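*Asks:* Chains as they are written, first to last, in the working numbering: chain A, 49 to 182; chain B, 49 to 182; chain C, 49 to 182.
Derived by calculation from the structure, the hints in this document are not laboratory data.
Heads up, some of the hints might be wrong.
Same chains, same label: a pair holds when it works inside one copy or across any pair of copies.
Stated by the list, open to error - Below are the SDA-like pairs computed for lysine to any residue, each with C-alpha atoms no more than 20 Å apart in a straight line: (1) Lys169 / Leu151; (2) Lys180 / Cys59; (3) Lys112 / Leu149; (4) Lys53 / Tyr171; (5) Lys112 / Ile52; (6) Lys180 / Asn73; (7) Lys53 / Arg104; (8) Lys169 / Thr54; (9) Lys53 / Ser145; (10) Lys169 / Ser145; (11) Lys180 / Glu78; (12) Lys169 / Ile52; (13) Lys169 / Trp154; (14) Lys180 / Gly125; (15) Lys169 / Gly118; (16) Lys180 / Arg146; (17) Lys112 / Pro176.
Remember, predicted model here, so these are calculated numbers, not experimental data.
The chain contents come next:
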Amino acid sequence: MFEIKTPRRVCTLDITPRVSQAVENIGLTEGAAMVYVPHTTAAVTINEGADFDVQRDILTTISKLIPRGGDYSHLEGNADAHIKSTLVGVSVLVPVSRGSLILGTWQKVFFCEFDGPRARKFYVIGLPGLVKEQ
Amino acid sequence: MFEIKTPRRVCTLDITPRVSQAVENIGLTEGAAMVYVPHTTAAVTINEGADFDVQRDILTTISKLIPRGGDYSHLEGNADAHIKSTLVGVSVLVPVSRGSLILGTWQKVFFCEFDGPRARKFYVIGLPGLVKEQ
Amino acid sequence: MFEIKTPRRVCTLDITPRVSQAVENIGLTEGAAMVYVPHTTAAVTINEGADFDVQRDILTTISKLIPRGGDYSHLEGNADAHIKSTLVGVSVLVPVSRGSLILGTWQKVFFCEFDGPRARKFYVIGLPGLVKEQ
């Protein structure tokens, strides 16, 4: 279990190095790393890490589609964050081969905060798997 | 394989107890439970189960973004349900440790119906995995 | 690793036969096939394969929600494709039993291109799992 502090209401944080470290600690060599977020107003995604504008565009566009101040039943003021969590999802899988994450050239794993700032956590679970030159 | 009857065109149903029971039946102690929906107009998500208004807001907002009566090519009257299925997704993973689901405090697993009422089904598959105090 | 050429900027391609072949090559009998897309402007989904209009509706509707020419910070002209990739997701899981994919009657696995035409790739990883008559 990893702890993470999110600095703003809505933001993404690159957690790739911690996922990579977890795979090493677990001793997984072939299969997939599952990243799991045990929260209902946060999520996790894989996307471009080179140009931070991509993250900004993702968050801005999702917030335009699902505005904070919509006509919601849930009275805690964070209904939008719950909806965003369901659309982005609370887990991702990353292939692992020879003990390393197999990410694309531009891919990074991002924790997505939709109702911060908060102290959050996430899990990394190693799922052993079969890969073969196909 | 589990069977489930959905009572309305659009609704979510808490299937957490059945996922938990499946993990016990399978005998999975460490890893992840994969919940899979073999339908193209339904989905599965993990979100808040304490305040039912959250579920209502999720469904209402998604239906505003993807209205039933849009300008669609598919002539069966359920094009919206197919699109919602792709955006929410037809599988989730839940971490399992010591034979129990590791969900966050407010998390429950919900079957999402977008074109009911119908008789539906879902699968739970145990994926053995490696967890380690990280 | 599989290679795939996408013919248009935005399209979906049925990759089910290749996923099925990969499961056979790997020799996976019980568990799940994980399909992974190592790109940040593409994705993978499971949806109806019988009526191609469903695919058209999915792509058209997602493009209406997230237009190519929006007010984006990312200057490469493909910000929309990154956002779509995060909402649809870059991996799916398909149950496998007795060496075959367990898809629903209408389900097929689709590679989703949001910034083509391009030469793309995807991985299929076999995750051995426990299934039991439940």
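*Asks:* Now, for every hint given, state plainly whether the structure supports it.
*Replies:* We went through each hint and held it up to the structure:
1. Lys169 / Leu151: between (22 Å within a copy, 12 Å between copies)
2. Lys180 / Cys59: neither (37 Å within a copy, 28 Å between copies)
3. Lys112 / Leu149: neither (33 Å within a copy, 34 Å between copies)
4. Lys53 / Tyr171: within (15 Å within a copy, 33 Å between copies)
5. Lys112 / Ile52: Answer is neither: 26 Å inside a copy and 33 Å across each miss the 20 Å cutoff.
6. Lys180 / Asn73: Cα proximity of Lys180 and Asn73: across copies only (8 Å, versus 24 Å in one copy).
7. Lys53 / Arg104: The answer is within: 19 Å in one copy meets 20 Å, while 29 Å across copies does not.
8. Lys169 / Thr54: The answer is within: 10 Å in one copy meets 20 Å, while 34 Å across copies does not.
9. Lys53 / Ser145: This pair counts as neither: shortest intra-copy Cα distance 30 Å, inter-copy 25 Å.
10. Lys169 / Ser145: Classified as between: cross-chain Cα gap 16 Å, same-chain 26 Å, threshold 20 Å.
11. Lys180 / Glu78: both (10 Å within a copy, 17 Å between copies)
12. Lys169 / Ile52: Cα proximity of Lys169 and Ile52: one copy only (6 Å, versus 33 Å across).
13. Lys169 / Trp154: This pair counts as between: shortest inter-copy Cα distance 14 Å, intra-copy 25 Å.
14. Lys180 / Gly125: This pair counts as neither: shortest intra-copy Cα distance 48 Å, inter-copy 36 Å.
15. Lys169 / Gly118: Answer is neither; intra-copy 28 Å and inter-copy 33 Å both fail.
16. Lys180 / Arg146: For Lys180 and Arg146, the Cα distance is within 20 Å both inside one copy (12 Å) and across copies (19 Å).
17. Lys112 / Pro176: neither (39 Å within a copy, 40 Å between copies)
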